[in-house]
Amino acid sequence: MGWGLRRKKKDMPGGLWTKCKGCSAMIYTKEFAQNAHVCPKCGFHHTINARTRIEITADPGTFAEKFTDLRPRDRLGFVDKEPYAEKIENAQKKTGQNDACIAGTCEIEGIPVVLAVLDFSFMGGSMGEIVGEKLACAIELAEANRVPVIIFSASGGARMHEGAISLMQMAKTCAALNHYRNRGGVSISVLTNPTTGGVTASFASVCDFLIAEPKALIGFAGPRVIQNTIRQELPEGFQRSEFLLEKGQIDSIIDRHALRGQIATILRYTPQGRDYPKPKTATAES
Amino acid sequence: MREHRFHAAMPRKDRKSISGPTALPFKKPIEDVRSRLEELEELAGQTTHDLSEELAFYRDRLERLTQEIYGELTPWNRVQVARHPNRPLTSDFVEHLCADFVELHGDGYYGDDRAILTGLATIYGEKVLLVGHRKGKSTKERLACHFGSAHPEGYRKALRKMRLGERLGLPIVCLVNTPGAYPGVGAEERGQARAIAENIFEMFEIRTQIIVVVIGEGGSGGALGIAVGDHIAMMENSWYSVISPEGCASILWRSADGKEQAAEALKLTAQDMQGLGLVDEILPEPVGGAHADPRTAMNGVGEAIAARIQALRSVPLDELLEARYQKFRRIAQLEQAIQAEAEKAANTGPREVLGDSDESPDLIPEGRKGVPPRRTPGSPRGRRL
Numbered sequence: 001m002g003w004g005l006r007r008k009k010k011d012m013p014g015g016l017w018t019k020c021k022g023c024s025a026m027i028y029t030k031e032f033a034q035n036a037h038v039c040p041k042c043g044f045h046h047t048i049n050a051r052t053r054i055e056i057t058a059d060p061g062t063f064a065e066k067f068t069d070l071r072p073r074d075r076l077g078f079v080d081k082e083p084y085a086e087k088i089e090n091a092q093k094k095t096g097q098n099d100a101c102i103a104g105t106c107e108i109e110g111i112p113v114v115l116a117v118l119d120f121s122f123m124g125g126s127m128g129e130i131v132g133e134k135l136a137c138a139i140e141l142a143e144a145n146r147v148p149v150i151i152f153s154a155s156g157g158a159r160m161h162e163g164a165i166s167l168m169q170m171a172k173t174c175a176a177l178n179h180y181r182n183r184g185g186v187s188i189s190v191l192t193n194p195t196t197g198g199v200t201a202s203f204a205s206v207c208d209f210l211i212a213e214p215k216a217l218i219g220f221a222g223p224r225v226i227q228n229t230i231r232q233e234l235p236e237g238f239q240r241s242e243f244l245l246e247k248g249q250i251d252s253i254i255d256r257h258a259l260r261g262q263i264a265t266i267l268r269y270t271p272q273g274r275d276y277p278k279p280k281t282a283t284a285e286s
Numbered sequence: 287m288r289e290h291r292f293h294a295a296m297p298r299k300d301r302k303s304i305s306g307p308t309a310l311p312f313k314k315p316i317e318d319v320r321s322r323l324e325e326l327e328e329l330a331g332q333t334t335h336d337l338s339e340e341l342a343f344y345r346d347r348l349e350r351l352t353q354e355i356y357g358e359l360t361p362w363n364r365v366q367v368a369r370h371p372n373r374p375l376t377s378d379f380v381e382h383l384c385a386d387f388v389e390l391h392g393d394g395y396y397g398d399d400r401a402i403l404t405g406l407a408t409i410y411g412e413k414v415l416l417v418g419h420r421k422g423k424s425t426k427e428r429l430a431c432h433f434g435s436a437h438p439e440g441y442r443k444a445l446r447k448m449r450l451g452e453r454l455g456l457p458i459v460c461l462v463n464t465p466g467a468y469p470g471v472g473a474e475e476r477g478q479a480r481a482i483a484e485n486i487f488e489m490f491e492i493r494t495q496i497i498v499v500v501i502g503e504g505g506s507g508g509a510l511g512i513a514v515g516d517h518i519a520m521m522e523n524s525w526y527s528v529i530s531p532e533g534c535a536s537i538l539w540r541s542a543d544g545k546e547q548a549a550e551a552l553k554l555t556a557q558d559m560q561g562l563g564l565v566d567e568i569l570p571e572p573v574g575g576a577h578a579d580p581r582t583a584m585n586g587v588g589e590a591i592a593a594r595i596q597a598l599r600s601v602p603l604d605e606l607l608e609a610r611y612q613k614f615r616r617i618a619q620l621e622q623a624i625q626a627e628a629e630k631a632a633n634t635g636p637r638e639v640l641g642d643s644d645e646s647p648d649l650i651p652e653g654r655k656g657v658p659p660r661r662t663p664g665s666p667r668g669r670r671l
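If you read the sequences in order, they're chains H and L.
Position 76 of the first sequence, counted from 1, bears residue number 76 in the working numbering, the numbering being contiguous throughout.
Add 286 to the 1-based position in the second sequence for the working numbering, that's all there is to it.
Simulated from the structure, these hints should not be mistaken for laboratory data.
Since the model is a prediction, treat every value here as computed from it, not as a measurement.
Do not take every clue at face value.
Covered, in the sense of this in silico footprint (three residues per stretch, anywhere, with C-beta under 8 angstroms from a C-beta of chain H), are these stretches of chain L [unchecked claim]:
| no. | segment |
| --- | --- |
| 1 | 479-485 |
| 2 | 535-547 |
| 3 | 559-569 |
Think about it this way: if two alpha-carbon atoms lie no more than 20 angstroms apart in a straight line, the pair counts; the simulated EDC-like pairs of lysine to aspartate or glutamate are [as the list claims (entries may be wrong)]:
| no. | chain 1 | residue 1 | chain 2 | residue 2 |
| --- | --- | --- | --- | --- |
| 4 | L | Lys545 | H | Glu82 |
| 5 | L | Lys413 | L | Asp386 |
| 6 | L | Lys545 | H | Asp80 |
| 7 | H | Lys81 | L | Glu532 |
| 8 | H | Lys93 | H | Asp69 |
| 9 | L | Lys314 | L | Glu358 |
| 10 | L | Lys545 | L | Asp566 |
| 11 | H | Lys94 | H | Glu109 |
| 12 | H | Lys215 | L | Glu389 |
| 13 | L | Lys314 | L | Asp336 |
| 14 | H | Lys81 | L | Glu546 |
| 15 | H | Lys215 | H | Asp255 |
| 16 | L | Lys613 | L | Glu484 |
| 17 | L | Lys426 | L | Asp386 |
| 18 | H | Lys93 | H | Glu109 |
| 19 | L | Lys314 | L | Glu484 |
| 20 | H | Lys93 | H | Glu82 |
| 21 | H | Lys87 | L | Glu550 |
| 22 | H | Lys215 | H | Glu246 |
| 23 | L | Lys423 | L | Asp579 |
| 24 | L | Lys413 | L | Glu452 |
| 25 | H | Lys81 | L | Glu550 |
| 26 | H | Lys81 | L | Asp543 |
| 27 | H | Lys247 | L | Asp346 |
| 28 | L | Lys613 | L | Asp566 |
| 29 | H | Lys30 | H | Glu55 |
| 30 | H | Lys21 | H | Glu31 |
| 31 | H | Lys247 | L | Glu475 |
| 32 | L | Lys423 | L | Glu381 |
| 33 | H | Lys21 | H | Asp255 |
Which stretches of chain H does chain L cover? Using the computed rule of at least three CB atoms under 8 angstroms from a CB of chain L, they are [what the hints assert, rightly or not]:
| no. | segment |
| --- | --- |
| 34 | 85-97 |
| 35 | 174-180 |
C-beta: ideal position from N, C-alpha, C; glycine also.
Sequences are here, hints too, so could you generate the full structure?
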């Protein structure tokens, strides 16, 4: 195959084909989406946005979004290549969301839960004030409703543009989780590709269950930072889910297609999910 | 009296050699006047002429210049002061401030991280459990301490000792001085992120007073890992941020050259942090920075710590922990966030203990009742092309 032909294929208009980030195979986009953005050839789990995650996790039609009024603000007057305020606006236009977290109530196989999902497509899923606040609100909502909370992470860490305010979100989310756990709350953290920095070093690591998707990059410092420090090649598979499992850092690795079912199974072992599925007549009136 | 390595306590001959390589660029005018004054002083000892007028002039000039320059330090200047080699470190606080110090080593699982110092200490008569980042003084020690960047075992050691302090009913004092947690292969293998997360999480339920003082650098999660407490103070020339100015610059401007700009943008000085409502108190330093007069600087910190412990001791522990939770839960909160609270309150009834109620939570939307669970799509490997 000549170069010209190959390049033509990659530049195919309309996004008909998607290139796998794991094995570089070209996948028919429609089929890729149907397969939950998992490569049918190599099984690589691609990063998905929060809406798609909710779609494949919640029972259809059950998700009710909350805290939609929370909007980020540039409190430091932070400017790099462009002002942070503009950056927010652009990300909002691109994603149609206020910030990098969507939270709400839903059911998973009939079990009511609070679901919070970080969106990597919004400024790398970074945690600023609004993400921290939404997570804390979601955890408190779960506490008030006496239901489990499930948090999906995909994030580069704390959002630099909010300075120490974003750093303090690490403490805020941990405070909320601590409050919740001491009152009997159950939490599940699902770490997806990639989850690093201040997100891994706060709420995402202190939930009752730590689950990762296969081959997800999970760590504190990013690989580039580590490489700059030690000035050596990093070992193969370093900071991937399988590495973390081997080192005893996470409870389990679950394939995206099995995730929803496995979460429901785990939930049925918790005090809040033990009685599900309920007989249909019991849920009709309450 | 013990020997001190500090500028002020040193014989004049050694002083010059120290002010050479460690001098900060913005301090140049001060150093010039100082050396002129020193020359004059020497001269005054040798001649019979009355030089008191000249001496007074230069002394006054030195003082005014120092005040002037330190009065308008840029954020980057403050970062430089915070990293000054003669600035008092945790080990200096232990040596100078803590009587009857008993160092306690090790996390009890893996090792003893030199980058975190823990032990029993008495500060101005107050018996406390001390936790602090250790940067090391000699080159050898600095390397052993990774320049104050802790590994997971350091954070676990800190937590273990804090739990001990809790059992003994001792207040906990945390001295923060780290460029950040160590980014390395071993640190990741042993769960750096998780170790920090667990410290932050657990510090909300440690039933004793926790006083945090940022004495130099408050670098990101590595700092926060020992910085959840009832009272957060920063020394006047310390910094506290989500990322170091160099790290920020290398990400945003792809080079460390933007560090001055980054220091400005990050709002990392004690003044900015207090303005944002992220710290409770600024502890003043002597004119010229803590390194100019370490003893006075450390005494000030010691007095503030003791005073704060005494004030917090009268607060019942339940109230103290609730206040600690509220402090971080509402930290720098926006008005709109308070509105979100209202939304939540409207959604739910009064808060109760989870799991011990018979009522089923009514979270199921009307239209959804009785709908069978969705089938999970495809086999794990999916279809082939």
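Going through the hints against the structure:
1. 479-485: holds (count 5)
2. 535-547: holds (count 3)
3. 559-569: holds (count 3)
4. Lys545(L) / Glu82(H): 17 angstroms, holds
5. Lys413(L) / Asp386(L): 9 angstroms, holds
6. Lys545(L) / Asp80(H): Distance ~12 angstroms between Lys545(L) and Asp80(H) Cα, so the pair holds.
7. Lys81(H) / Glu532(L): 16 angstroms, holds
8. Lys93(H) / Asp69(H): Distance of about 16 angstroms is within 20 angstroms: holds.
9. Lys314(L) / Glu358(L): Holds: Lys314(L) and Glu358(L) sit about 15 angstroms apart, inside 20 angstroms.
10. Lys545(L) / Asp566(L): 27 angstroms, violated
11. Lys94(H) / Glu109(H): Since the Cα atoms of Lys94(H) and Glu109(H) sit roughly 32 angstroms apart, the hinted pair is violated (cutoff 20 angstroms).
12. Lys215(H) / Glu389(L): 42 angstroms, violated
13. Lys314(L) / Asp336(L): Roughly 29 angstroms between the alpha carbons, so the hint for Lys314(L) and Asp336(L) is violated.
14. Lys81(H) / Glu546(L): 15 angstroms, holds
15. Lys215(H) / Asp255(H): 10 angstroms, holds
16. Lys613(L) / Glu484(L): 19 angstroms, holds
17. Lys426(L) / Asp386(L): 26 angstroms, violated
18. Lys93(H) / Glu109(H): Violated: Lys93(H) and Glu109(H) sit about 33 angstroms apart, past 20 angstroms.
19. Lys314(L) / Glu484(L): Judged against 20 angstroms, a Cα distance of about 45 angstroms means the pair is violated.
20. Lys93(H) / Glu82(H): 16 angstroms, holds
21. Lys87(H) / Glu550(L): Given that 20 angstroms is the threshold and the Cα spacing comes to 19 angstroms, the pair holds.
22. Lys215(H) / Glu246(H): 13 angstroms, holds
23. Lys423(L) / Asp579(L): Distance of about 17 angstroms is within 20 angstroms: holds.
24. Lys413(L) / Glu452(L): Since the Cα atoms of Lys413(L) and Glu452(L) sit roughly 12 angstroms apart, the hinted pair holds (cutoff 20 angstroms).
25. Lys81(H) / Glu550(L): 15 angstroms, holds
26. Lys81(H) / Asp543(L): 14 angstroms, holds
27. Lys247(H) / Asp346(L): 62 angstroms, violated
28. Lys613(L) / Asp566(L): 10 angstroms, holds
29. Lys30(H) / Glu55(H): 16 angstroms, holds
30. Lys21(H) / Glu31(H): Distance of about 16 angstroms is within 20 angstroms: holds.
31. Lys247(H) / Glu475(L): 6 angstroms, holds
32. Lys423(L) / Glu381(L): Satisfied, since the Cα-Cα distance of roughly 13 angstroms is no more than 20 angstroms.
33. Lys21(H) / Asp255(H): 17 angstroms, holds
34. 85-97: Answer violated; 0 residues pass the 8 angstroms Cβ test.
35. 174-180: Answer holds; 7 residues pass the 8 angstroms Cβ test.
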